[in-house]
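*Asks:* So you can see what is in the structure, the chains are spelled out below.
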Amino acid sequence: MYTLSGVGKTFRKGDATVAALQDVDLTIEDGDWLTIQGRTGHGKSTLLNILAGLDRPTTGTVELDGRDLATMRERELTEVRATSIGFVFQSFNLIPTLSAAENVEAALVPLGVPTAERRTRAAEALASVGLGGRVQHLPSEMSGGQQQRVGIARALVKRPRVLLADEPSGNLDEDTRDEIIQLLSTLREERNLTLVLVTHDTTLAYRAPRVAVMRNGRLMMRRDSRTDKAVSDS
Amino acid sequence: MFFLTFLRRELLRRMHRAVFVALGLSVGVGLVVTVTAASTGVSNAQTKVLHALYGIGTDVTVTKAASSKRDGTLFSFSPGKVPVRHNYMIPPPGLGVIDGAAVARVAKVHGVIAAAGAMSLLDTDITVPSQSQLSASGKPPAGSLGNHFTVNGVDLAHLKLGPYASGTIGSGRSLAASDARSDVAVADAGYANAHGLKVGSTMSIAGHDFRVVGVTRQPRGGGSADFYIPLTRAQAYASSPETKAVSDKIDTIYVAVTNTAAIPAVRTEINRLLPGTTVTSSSSLADDVTGSLTSATSLATDLGRWLAIVALITAFAAASLLTAANVARRTREFGTLRTLGWRTRRIIGQILGESVVTGLAGAVAGIALGFLGAALVGWLAPELTATVAQNPGSPPSENITLNSSGMRRSISPYSTHTINVHLDAQVTLAAIGLAVGLALIGGIIAGLYGGWRISRLRPAEALRRVE
Chain A
1 MYTLSGVGKT FRKGDATVAA LQDVDLTIED GDWLTIQGRT GHGKSTLLNI
51 LAGLDRPTTG TVELDGRDLA TMRERELTEV RATSIGFVFQ SFNLIPTLSA
101 AENVEAALVP LGVPTAERRT RAAEALASVG LGGRVQHLPS EMSGGQQQRV
151 GIARALVKRP RVLLADEPSG NLDEDTRDEI IQLLSTLREE RNLTLVLVTH
201 DTTLAYRAPR VAVMRNGRLM MRRDSRTDKA VSDS
Chain B
1 MFFLTFLRRE LLRRMHRAVF VALGLSVGVG LVVTVTAAST GVSNAQTKVL
51 HALYGIGTDV TVTKAASSKR DGTLFSFSPG KVPVRHNYMI PPPGLGVIDG
101 AAVARVAKVH GVIAAAGAMS LLDTDITVPS QSQLSASGKP PAGSLGNHFT
151 VNGVDLAHLK LGPYASGTIG SGRSLAASDA RSDVAVADAG YANAHGLKVG
201 STMSIAGHDF RVVGVTRQPR GGGSADFYIP LTRAQAYASS PETKAVSDKI
251 DTIYVAVTNT AAIPAVRTEI NRLLPGTTVT SSSSLADDVT GSLTSATSLA
301 TDLGRWLAIV ALITAFAAAS LLTAANVARR TREFGTLRTL GWRTRRIIGQ
351 ILGESVVTGL AGAVAGIALG FLGAALVGWL APELTATVAQ NPGSPPSENI
401 TLNSSGMRRS ISPYSTHTIN VHLDAQVTLA AIGLAVGLAL IGGIIAGLYG
451 GWRISRLRPA EALRRVE
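Quick mapping for you: the protein sequence lines, in order, are chains A and B. Sequential numbering of the first sequence, starting at 1, is according to the working numbering. Sequential numbering of the second sequence, starting at 1, is according to the working numbering.
Keep in mind that the hints were calculated from the coordinates and are not lab data. You may find that some hints are simply not true.
[Stated by the list, open to error] Calculated pairs, SDA-like style, for lysine to any residue (alpha carbon to alpha carbon, straight line, at most 20 angstroms):
hint, chain 1, residue 1, chain 2, residue 2
1, A, K13, B, R458
2, A, K13, B, L457
3, A, K13, B, A460
4, B, K64, B, A107
5, A, K13, B, R456
6, A, K13, B, E461
7, A, K13, B, R464
Bear in mind the structure is a predicted one, so any value in this text is a computation, not a measurement.
Isolated chain B (complex conformation) (with noise of 0.2 angstroms):
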């Protein structure tokens, strides 16, 4: 075909025009990759800290506000003539508990594909001094608060929903719904470090010897226990001299939905069966995330989306400008050809052609320029922080102490962490056909201005002008 010929000749024998042209596309372009690709690297990042917060899969989280402060004495007691030592494991004060049965329900909403119940507990472990243990003030001797530590019973038939669906595990192997009835349970990689834990060991919990099947490791800031056990173990275990027995009850539901956009309505359907419940979405959460990630995802979406279409119309105009030269420049050669009979709309296509490969050309040049543009943005880019609540699932912190007369606890309701996030900017397959999209358009555009320009010269007008 001629007009490959042509195209051919025309971009090989005047290869610097069409390098410079798709030098211009390409800069527009990589500039709209390098920031669609650290748009996608902070979204993902908050990704990473909500999937912490919230585990992997779920989309909307069902929690019971406590219904009272529980402040103050957990539970008293009397020293007698020796020590006497207690494992309690009892539920966090800062979370109240829903009815097990409130986890079917929620599963039969319109919308929900799963909901997995979950319960938080606190395994404490004091032993109560003797009389003559206590010092003149009162005070019992140290190391009378024993070890405590949290664990987290799983819903066994909904793994991959909820906090425990985030961690990975690092040796051993996951529960499964074969543990129902087993007393095995999943360690925290940092707490089993720190106790010198691992596969096969055997941990009290609740007073239980509890066989270590696997260790997890969770992502940084996600609100991990320290152990997660079968929820029907928790349930049966867990109890105190002060309250009561939490058999069939849970104090979190994990939700996952069919879509985003099912989520206002599945909040509003769990509200309205049970009131009283706080029901929270990722999104909601995301607006809680305060920090330099925070700032980062404005900067990407307002100043990147404009520095992107700013550059990207930089280069449109810079290209079609470039290519109407271009065409000045051949305005004679166009004429000739307008005399040999060749009609206006080939000579347009023919300016088209070579506008579309040189908008390839572009393209491929603009998707190198992203990839090193965000390679920079990861190499350069401080490691953002995110500051979040904790996970609407984990009890607030607590600290508790021991006294002559029991053991009392405060808890801090508004208690925050802070997630340090590295930005590792991704350039998408999307961002890549953006890209190629992108510089098509402007290789179109760029060729319809130069053709719009010769179709308006009469022959014998472009035959006199000069090159």
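Looking at chain A on its own, in the form it has when it is part of the complex (with noise of 0.2 angstroms):
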């Protein structure tokens, strides 16, 4: 479970300061689907960055089961990341050089997972997103919406608690967008992942049963399904 309280975050740019994300509070639970959406630049991928552990906040705390990645050390934040966060990202940032499934592998190394179960689980990956016959195939030899699926294998493998997407679907047509939305959904109620997805698409966001705006660095609850309304948590 999320818990994020009073979250800034402040950029230095030439002599100004500005503010990426200004007092955030936001709770997510286990199991949760929660969607953010809002304009470029108004903060949405630094507060995905904050919750993945790969950027600290300047204000406030953000507890993963009670633990603050704010404060972490930095050894610490790469272990959550290695074992409880699995992300999704809009150009899919395949290592160009690694077959498919040696980019699936690629997240059960820091687990120091032995090499024949490394290449068992990556094809189990790939299998799962309907990508069994090209496992050996370089990212440059796929389609845009398999290079998402083993994204989404390669997020997915080490089994985290967390699956973080930023815009998965921003680089894709419409059908293979709707491919992606889906598949995410499915292993989402399959896992019992908590799935943070941000997106632009109005369409995909209302799929899920929580939606947020960012706008100028301020959250804002649009639609809660456990309330059935919009409400504001920020």
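Build the complex: two chains, separate frames, hints provided.
*Replies:* Here is the structure:
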């Protein structure tokens, strides 16, 4: 469970200080699906990076299961990323020189999984996203949709409890977009994942039980199926 | 291991980048190998010159200056009614004699492995003309001054020491310890060819018939004698009407020492033991070498060394910058790995592994370039000349003339000779080891630099980078 309290993030831009996040309070229960919408530059990706432990807030606390990511040592943060958080990128971020299976295996390397088990699990993960026959293909030999499936397999192969997706369908056509979102939805249900998804797409956003909007660094809840009305956490 | 899989994939699928970095390194490494090879070649050429002068295995030479300048009349005669033929073998005028017992004293000096005595002699065959043969001006007829040649008495107990050791037996056999009481000689190939001598020929030395048992070829420029005979025979037969017997005398002691560092102490001790002698080492002799060989030595040690250092620094900088550029291009990739939970240390290790393999490839290419460079140096370099003083154990050259009152000689005390040496640039195992070491260091520096840049990036920042 995530508990964010008074989270702020500022950047220096020349002489000016830009507030990317301001006073964000948010609770995400285990198994929740939260979609965050918002225009470019309003803090969506910054919030996602902070949830992933890739960046630290300037103010506030970001607790994951009671442990504050904001004050955690870098080594512990790395361990949290290796074990608990899966991340899906808009532009897939596959290693271009590695095959699909090797890209997926890369997520198991920090866990010290033995080679044979690593290969089996990578093959299973690729099969679970419908790419069982493409394990040896390079990213350049696959379509955008297939690359994103590899990205999802890579995020899930370590069996995380949280899946963070940053515009996962942003680089895909409409049909493929629907396939990918359906896949994420199915996998979340199957594995009881906590899913936080950032998207521009309103149609997609409203498939999630909880929808929030980022505006000028502030988070506003638009919809919460738990209360079935628009609410604001911040 | 995933490390090796990733390494192999990166190097094979981004080969052009790896090749580019490896080539950058190889140019620097190749230049270092070439300069080292040229330097080794120059050093070998210098050693060759010194060995020719000095004898392989000799570290120190002990000689004594002649007690007086012996220019002038060697001996006089009065022409009689009939011509009279004489054959003398006399010590040359330029060197003083040393008591043979000194060899044993030198051999006992701390740091000396072996000491060998030697005696240089001049064999002269003259025919004293009759009064009627003299011209109106008193000049002897042509041919009165017969054959004369140089003879070296060799210490048979130490055949691997001194100028004799520099020669290569071309036919027949070498002198042996068992020849001490035999009239046997090894002839110099040049003299033997000029005078039609071969193994089995008989040669009159000091009026005694010596059997030629071998023909030796001395390196160019060596202070070689025309004949090498057992020292005891040389001492026994050396005499002339006006010189004292030289039994148990020598004129040069050739000394081998345990190591180069011991030479100064050995020189000092010999000077103390044998006052009045001149103790020369190969290094002091090397200082007297002049000519283009010396210029080449300076060029190899000064300009060559700096050129190699500059090339190496440039190659290292180029490799580091190219690696850093490659790393910068892959920043997002490393950010992704950080997102997957890879530690910075593991990522740096991966970069370092790639750099080390690239460095090794650079070493192989650099060694190949080094061999090519060394071959070019050998092919393009002009023949070097070394102008050197005579072997300290060789007597100065002299001119012998005959007139109506006797035989005269004049000495050229500062005689030198010029040796032509070909520069043969050699790539040694040490140079190859150096190349591999340097390329590895270059690879590691480049990898560490690239890794350091990655370690300073926060994952979120790395992910924002656009490739």
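*Asks:* For which of the previously enumerated hints does the structure constitute a violation, in increasing order of number?
*Replies:* none
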